[in-house]
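K.L.:
Sequence:
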Amino acid sequence: MSAVRSPLLRAGADPGRRRLLAALLGAPVLATVGLTGCGEDQVAAVETGPVELSVFWYGEAKRAELTERVLRLYTDRNPRVGFRITWQGPDGYYDRLATQAAGGNVPDLIQLDDSMLTEYARREIVLDLGGYVADHRLDLRTLPSGLVRYGQVDGRTVGVAAAQTAAVVVYDRTLLRRLRQPEPSTGMSWAEYVAWAGRVTRAGEGRVAGTMDPSGDYRAFWLWLRGRGDELYRDRQLGFGADALVEWFELWRRARSGRATPSAALVEQADGGEPARQLVVTGATAASFAWSHQLPELQRLTDAELGLAALPGPPEAQWHRASMYWAAFRGTRHPALVADVINFLTGNGEAGTVLGHERGLNPSLAVRSFVQASITDPTQRRAAALGTALADRLGPAPSPPPQGHLQVRALLLEAAESVRGGAAGTRVATDRFIAQANAALAG
1 MSAVRSPLLR
11 AGADPGRRRL
21 LAALLGAPVL
31 ATVGLTGCGE
41 DQVAAVETGP
51 VELSVFWYGE
61 AKRAELTERV
71 LRLYTDRNPR
81 VGFRITWQGP
91 DGYYDRLATQ
101 AAGGNVPDLI
111 QLDDSMLTEY
121 ARREIVLDLG
131 GYVADHRLDL
141 RTLPSGLVRY
151 GQVDGRTVGV
161 AAAQTAAVVV
171 YDRTLLRRLR
181 QPEPSTGMSW
191 AEYVAWAGRV
201 TRAGEGRVAG
211 TMDPSGDYRA
221 FWLWLRGRGD
231 ELYRDRQLGF
241 GADALVEWFE
251 LWRRARSGRA
261 TPSAALVEQA
271 DGGEPARQLV
281 VTGATAASFA
291 WSHQLPELQR
301 LTDAELGLAA
311 LPGPPEAQWH
321 RASMYWAAFR
331 GTRHPALVAD
341 VINFLTGNGE
351 AGTVLGHERG
361 LNPSLAVRSF
371 VQASITDPTQ
381 RRAAALGTAL
391 ADRLGPAPSP
401 PPQGHLQVRA
411 LLLEAAESVR
421 GGAAGTRVAT
431 DRFIAQANAA
441 LAG
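Going by my numbering, the residue at position 99 of the sequence shown is 99; the numbering climbs one at a time, nothing skipped.
Where hints are given, some of them may not hold.
[To be verified] Estimated spans, in silico, between C-beta atoms of each pair: (1) Gln-372 - Leu-301: 21 to 29 Å; (2) Gly-331 - Ser-185: 47 to 55 Å; (3) Ser-115 - Arg-277: 16 to 24 Å; (4) Asn-438 - Glu-205: 38 to 46 Å.
[Unchecked claim] Restricting the straight-line Cα-Cα distance to at most 20 Å, the calculated cross-link-like pairs of lysine to any residue (SDA-like) are: (5) Lys-62 - Thr-379; (6) Lys-62 - Arg-300; (7) Lys-62 - Leu-73; (8) Lys-62 - Arg-84; (9) Lys-62 - Leu-301; (10) Lys-62 - Ile-375; (11) Lys-62 - Asp-377; (12) Lys-62 - Gln-299; (13) Lys-62 - Ile-434; (14) Lys-62 - Arg-253.
It should be emphasised that the hints constitute simulated quantities derived from the structure, not laboratory data.
Cβ atoms here follow ideal geometry from the backbone N, Cα and C, with glycine treated the same way.
Using the sequences and the hints given, assemble the complete structure.
P.N.:
Put into structure tokens, the structure is as follows:
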């Protein structure tokens, strides 16, 4: 779905509500400190004449509704600033951005995820925000340090987390109660999780499998690697050896042999990650793998009650992970103003209240605390509770994935599917993956 909204320009808004930092055309800009907007109007930067900023993101209709409301709040405080909004579903989003980049007409403010942040930074498509961070015009002091680091490429802040998420197991509580099986729990080892899934399959007499097969899921593989002291990447190279991937594939081959997972055909239906095709909502498995911020969307797709736990392995394998970023186009004519809008989106209490946890936990710990009582959706509250439980147990953040990451993800999935379908043994599939992934990263 794609939508373009008319400019959100409020030229007739009450000028008495404006509190200007400065006119950005030539005047110095003052900094705001701490949690802005939780108790009073945010002091904001406005140019001397009317300005229209273009904004582009991906997501569904609910995300669009909430984001537009927040941008209107910004315009209420800064009546000379309007927004031209475009949004669409995830499919084709980066193709459209690539076309815009080729023509030099990228929107002023864009949403990225970690699969593309490094590439856009190194291709000089996104703006280095470091100067605004340094003097706190873009105030990141209430963000976890790991979340700030996860927006840096080559020491430059090129993206600010729009929200924080975690890789999770989403499971069917209703089914598990009916089968009288325990729920999976944060901190289970991978071996314990596979054994649990096998017991669920047996309790259901084979009518439902215990778990989705995540052998081609880079998130699961990355956390499994970190749990044993490895990384998915080290700089622009793979951070693990062939033996590690063979071991990963063998773990899931044994799981399939023990009927802990469904057929390869069913697994491949869900391999793309689309919420509507997740096996936990189609009823094929008791558990699937997802992002914590996706729980509300998954819950809307099933009548069963869904629960969530962190992915198996030590919680320290996870990190303060951005679900997605806000980034500024390097060619924007209004860089300081775009930085101020990012500051509002990520550090303003009223904005945080409107956004809720649709993209994930608010990146600012202060805003997160401020809006906690206003979150009424039970699935958002469940996701927030898991984030709180993990907060003090997360490990150090790696660098965002290097260029070539999307190709590596696709190659891992291809290798896993070839093993699952019997087209290749684990060693053959692994050797092919290593060679192709190294070429993708070197390209």
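K.L.:
Does each hint hold? Answer for all of them.
P.N.:
Now the hints, each set against the structure:
1. Take Gln-372 and Leu-301: their Cβ atoms lie about 26 Å apart, and the range 21 to 29 Å holds.
2. The beta-carbon spacing between Gly-331 and Ser-185, approximately 49 Å, falls within the hinted interval of 47 to 55 Å.
3. In this structure, Ser-115 and Arg-277 meet the distance hint of 16 to 24 Å, their C-beta atoms being roughly 20 Å apart.
4. Between Asn-438 and Glu-205 the beta carbon distance is about 45 Å. The supplied range of 38 to 46 Å therefore holds.
5. Pair hint Lys-62 plus Thr-379 holds up; C-alpha atoms about 15 Å apart against a cutoff of 20 Å.
6. This hinted pair checks out: Lys-62 and Arg-300 have alpha carbons roughly 12 Å apart, not beyond 20 Å.
7. As the CA atoms of Lys-62 and Leu-73 are separated by approximately 17 Å, the hinted pair is consistent with the 20 Å bound.
8. Restraint check: the Cα-Cα separation between Lys-62 and Arg-84 comes to about 18 Å, which is no more than 20 Å; the hinted pair holds.
9. Between the alpha carbons of Lys-62 and Leu-301 the distance comes to roughly 15 Å, so the proposed pair stays at or under 20 Å and holds.
10. For the suggested pair Lys-62 and Ile-375, the alpha carbons sit about 15 Å apart, so the restraint of at most 20 Å is met.
11. A distance of roughly 13 Å separates the Cα atoms of Lys-62 and Asp-377; the hinted pair therefore holds under the 20 Å criterion.
12. As the CA atoms of Lys-62 and Gln-299 are separated by approximately 14 Å, the hinted pair is consistent with the 20 Å bound.
13. Straight-line distance between C-alpha atoms of Lys-62 and Ile-434 comes to about 40 Å, which puts the hinted pair past the 20 Å bound.
14. Distance check on the hinted pair: Lys-62 and Arg-253 sit about 39 Å apart at the alpha-carbon level, beyond 20 Å; violated.
In summary, the numbered hints that this structure violates are 13, 14.
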